[in-house]
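S.K.: Given chain A's structure and the hints, the job is docking chain B onto it.
2 protein chains.
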Amino acid sequence: MNNFVFYSPTEFVFGKDAEAQVGTMVRMYGGSKVMIVYGGGSIVRSGLLLRIQQSLQESSLSYCMLSGIQPNPTDAKVYEGIELCRKEKADMILAVGGGSVIDTAKAIAAGVLYDGDFWDFYIGKAVVEKALKVGVVLTIPAAGSEGSGNSVITKASTLQKLSLRTLKSLRPVFSIMNPELTYTLPPFQTACGIADMMAHVMERYFTNTKDVEIADRICEGILLAIIKEAEVVMKEPDNYGARANLMWCGTIAHNGTCGTGCEEDWASHFLEHEISAIYNVTHGAGLSVIFPAWMTWMTEHHIEKIVQYAIRVWGVSEDGTEKEIAMEGILRLKSFLSSIGLPVTFKELGIEHPDIDRLVDNLHNNKGELVGNYVKLTRKDSKEIYELAL
Amino acid sequence: MNNFVFYSPTEFVFGKDAEAQVGTMVRMYGGSKVMIVYGGGSIVRSGLLLRIQQSLQESSLSYCMLSGIQPNPTDAKVYEGIELCRKEKADMILAVGGGSVIDTAKAIAAGVLYDGDFWDFYIGKAVVEKALKVGVVLTIPAAGSEGSGNSVITKASTLQKLSLRTLKSLRPVFSIMNPELTYTLPPFQTACGIADMMAHVMERYFTNTKDVEIADRICEGILLAIIKEAEVVMKEPDNYGARANLMWCGTIAHNGTCGTGCEEDWASHFLEHEISAIYNVTHGAGLSVIFPAWMTWMTEHHIEKIVQYAIRVWGVSEDGTEKEIAMEGILRLKSFLSSIGLPVTFKELGIEHPDIDRLVDNLHNNKGELVGNYVKLTRKDSKEIYELAL
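If you're matching them up, the sequences are chains A and B in order.
All residue numbers for the first sequence refer to the numbering used here, where the first residue is 3 and numbers rise by one.
All residue numbers for the second sequence refer to the numbering used here, where the first residue is 3 and numbers rise by one.
Extracted from the complex, chain A is given alone in its bound form:
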């Protein structure tokens, strides 16, 4: 087991009607004027935005608003938010939505207190030393951004989709999580969220680090819970128990609970980021295509943990060769993903003829000549994995 720091200071307020506490939470964490950041009209139509505004007003808090955050969020909205936030003198950012909204809120929170271009943080030219506090009302369980210090933004002009990772400065101070708010998520978006949270667990699970039994068991436990509850929620979108289990799984998949003491991989995420940056597909759908391809490639190059995964997560019998066990596990993963309506090939993703050379070039130009850790992928390896996903 490697040395590690576990730090997850976010206060998670989880359950029915939790959003009624948003005013209290903002005040508890020292906000006086918040900038509400959100996406489209669904939180308006559902009445959620109104309930949040009422809660803020009841706590005598003022607010301004930034709407229109899109999936795969771009730098343009961050610049707009920074300008608005400075003009309105907001002292806390309240993200109401899923990963795209939260990631944008974090970028704004860091950018407001920085003299240079916020993009400096994403290209490693500057480190976030101070940021406004961010609070969250989560509506889409998927990205795990409500419990992480990370943010992913795409620069529209270059289609660079880059991650900013912080231990402390960008963790939300609170995240309000009401599973009922996720009842109305369309099935495809629910499924994409499931693929995303599973991927967050698996990026940490596939490690070379030895003596990580507790990390393995936690990862496997979360995956088993996701798999069970996913089947329920696809049939019964308003099953509170299933929605609640999935929502919490999405958070602990990415707040540091998984992978303690492990060197993490993240190759599949990086392989996918290039797909969603160019083709603007949903991140979770892209992961559903890439992760099985990555695993399949691994059966020829570093099969060990894939075998354990097949046995412990998918219940594959230990009788058979390592290759047979691993391939059966991957088959069950793909069947599961298909069963909840996700694509498992580029073709099913709607990309009949992906420009694989461009994907490979972008990946390695952005992330370096070697990508990932479980096996450090070269350009040749990445190309083979993209091809396995055709």
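Possibly wrong hints are sitting among the right ones.
The list makes no distinction among identical chains, and a pair is therefore deemed to hold if it is satisfied within one copy or across any two copies.
[To be verified] Straight-line Cα separation of at most 16 Å, EDC-like style, residue types lysine to aspartate or glutamate; simulated pairs:
| no. | residue 1 | residue 2 |
| --- | --- | --- |
| 1 | Lys89 | Glu389 |
| 2 | Lys237 | Asp117 |
| 3 | Lys230 | Asp213 |
| 4 | Lys170 | Glu13 |
| 5 | Lys230 | Glu266 |
| 6 | Lys336 | Glu324 |
| 7 | Lys18 | Asp213 |
| 8 | Lys336 | Glu302 |
| 9 | Lys307 | Glu330 |
These are computed hints drawn from the structure, not numbers from a lab.
Keep in mind the model is a prediction, meaning the values are calculated, not measured.
M.R.: Here is chain B on its own, set in the frame of chain A:
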């Protein structure tokens, strides 16, 4: 799943040589003069105390010291610590040890800033509104106090052993955890720690709350990891990987990671507290006697979750009656506890003729007529459980 708040803001610095960071951490969290609280001579003999003092000095921090904390810590040391802390004007408490030391440090931290008797917090007469910050260097993985907001203190004059539970005010700001520091723990103390952390998981696992699949899977995963690593560590006390896995299991068993959204039980802990308060046995050893007895009683009164536990944690075959499955699981638990050198009966605990009537009276006088939640135990029920442990 019930509504819940997950809040674990403690910064856990985990790994080899982690204690060298203690000065940096104290300074980061705003301490300028710390009171070091510890137990006996082992941290002096091992050189740990000296290394901590050096680290504090390198960060230009001053300190005073309170030593002599005993297992099942009593109020006397708390009063002594409060007085010393006020006299020395220490602004942070640094606990170096296991649960007894940390619990004493927390009691002092709350008492220093309170005008009345600190015991008021433990009998529910007052609520902790402010406390000095507590930092931890953990040397015994067991109690989980390094990641919890709780403290258990015994009032010597009445032998009342009472818990104080806080969500926020008594959580350590940081906990430094170097598994190497646990190499020299005697086998019995290691085993008692294992029983304690397993009990912390199981108190949350045995719940009536429905739709808690993620909580179940997390609990089961931690138990599986503990069981595996316990066998290793009893044979190889200086196996870093096994010590590291156990140490982290002890923390996440009790920092809120387990049992999210569950009504917890805690009857076994309460049944045990009366034993260790009267007979001054090690808490973990007492739990090792009581928990199997509690489970055995449950096979006649509420078997459901005991069956799931037997199957998922102990790998008991699903063939057979519920009673057979449950009893086989309990048998395997007892075999495991015996195999690591723990008692599973009062007699093995060294209490040939326990005063069961006194235990029952103390329990219900301290905790109320009904104890626990999985089944709410009456005086008659508690007596039967104590008798099953003979």
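S.K.: For each hint, tell me whether it holds in the structure or not.
M.R.: Going through the hints against the structure:
1. Lys89 - Glu389: neither (49 Å within a copy, 71 Å between copies)
2. Lys237 - Asp117: Cα proximity of Lys237 and Asp117: none, with 50 Å in one copy and 58 Å across.
3. Lys230 - Asp213: between (28 Å within a copy, 11 Å between copies)
4. Lys170 - Glu13: both (14 Å within a copy, 10 Å between copies)
5. Lys230 - Glu266: neither (25 Å within a copy, 23 Å between copies)
6. Lys336 - Glu324: neither (18 Å within a copy, 35 Å between copies)
7. Lys18 - Asp213: Classified as between; 14 Å across copies, 39 Å inside a copy.
8. Lys336 - Glu302: Classified as neither: same-chain Cα gap 18 Å, cross-chain 43 Å, threshold 16 Å.
9. Lys307 - Glu330: within (14 Å within a copy, 31 Å between copies)
In terms of the numbered hints stated before, the structure departs from hints 1, 2, 5, 6, 8, listed from lowest to highest.
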